[in-house]
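Chains as they are written, first to last, in the working numbering: chain A, 269 to 378; chain B, 70 to 182.
Think of the hints as simulated: they come from the structure by calculation, not from any bench.
Remember, predicted model here, so these are calculated numbers, not experimental data.
Glycine included, each C-beta is placed from N, C-alpha and C at the ideal position.
There's no promise every hint is true.
[Said to hold, decoys possible] Take a look, some chain A residues computed to stay more than 10 Å from chain B by CB distance:
no., residue
1, Pro302
2, Lys310
3, Gly311
[Unchecked claim] Distance condition first, Cα-Cα at most 30 Å in a straight line; then the derived DSBU-like pairs of lysine-lysine:
no., chain 1, residue 1, chain 2, residue 2
4, A, Lys273, A, Lys377
5, B, Lys126, A, Lys273
6, A, Lys310, B, Lys126
7, A, Lys310, B, Lys82
8, A, Lys377, A, Lys310
9, B, Lys126, A, Lys336
10, B, Lys126, A, Lys339
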Amino acid sequence: QQQVKQSPQSLIVQKGGISIINCAYENTAFDYFPWYQQFPGKGPALLIAIRPDVSEKKEGRFTISFNKSAKQFSLHIMDSQPGDSATYFCAAYNNNDMRFGAGTRLTVKP
Amino acid sequence: KAGVTQTPRYLIKTRGQQVTLSCSPISGHRSVSWYQQTPGQGLQFLFEYFSETQRNKGNFPGRFSGRQFSNSRSEMNVSTLELGDSALYLCASSRQGENTEAFFGQGTRLTVV
């Protein structure tokens, strides 16, 4: 049972463009929603996270938008750079249990 | 501060064998979670340990087991290996309370032949 659905599977964006990755969850008990960035040969690293009491969180070029009623959240990467090329995972957490989306492979073309 | 350390980094085993993977969490972190990462299935939750107790378990067969020691280090064991067990096994540690940020190790790449 996939508790967190992520789309798209892959994304190609031109340098300077906006990358948008979407996630939807089912369990309303989730109370923490992080995004992880993973480069080849490395473990995932926390990028940015949000709690359901806010609708948006911005850190530099990265923004999470959160829609509690729709049970959806998304990651926006502004001014995308080739160095942002990686796999991005959304996740949802509750009660010591973290569930991940399937991942989005982002390629930013120079 | 040292990060999460997983050993070994790479492992090749034969079908039917068993394997033990190790994870040393960040100092002060008492929660350790294990994940299986494959190209087709993404990151799948295996189990989570806190204070030597398994608190949560994912949907994996009983061949997958784990334990945590009093120093928070954790081991994961897979018995009767199958070809489909080939994957990157990741461990993540975190503190308790409000800070739920999980820090991942680089993983152990297991290949079953």
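Each hint tested on the structure:
For A/Pro302, the condition that its CB be more than 10 Å from all CB atoms of chain B is violated, with the nearest at approximately 7 Å. Residue-level check failed: A/Lys310 sits 6 Å from the nearest beta carbon of chain B, not beyond 10 Å. Separation of A/Gly311 from chain B is inadequate, the least Cβ-Cβ distance of about 3 Å not exceeding the 10 Å criterion. With a C-alpha separation of about 26 Å, the suggested pair A/Lys273 and A/Lys377 falls inside the 30 Å cut-off, and the hint holds.
Distance restraint check for B/Lys126 and A/Lys273: the Cα-Cα separation of roughly 20 Å lies within the 30 Å cut-off, and the hinted pair is therefore satisfied. About 24 Å separates the Cα atoms of A/Lys310 and B/Lys126, which keeps this hinted pair within 30 Å; it holds. As the CA atoms of A/Lys310 and B/Lys82 are separated by approximately 22 Å, the hinted pair is consistent with the 30 Å bound. Between A/Lys377 and A/Lys310, the direct Cα distance comes to roughly 22 Å. Compliance with the 30 Å bound is thereby established for this hinted pair.
About 27 Å separates the Cα atoms of B/Lys126 and A/Lys336, which keeps this hinted pair within 30 Å; it holds. As the CA atoms of B/Lys126 and A/Lys339 are separated by approximately 24 Å, the hinted pair is consistent with the 30 Å bound.
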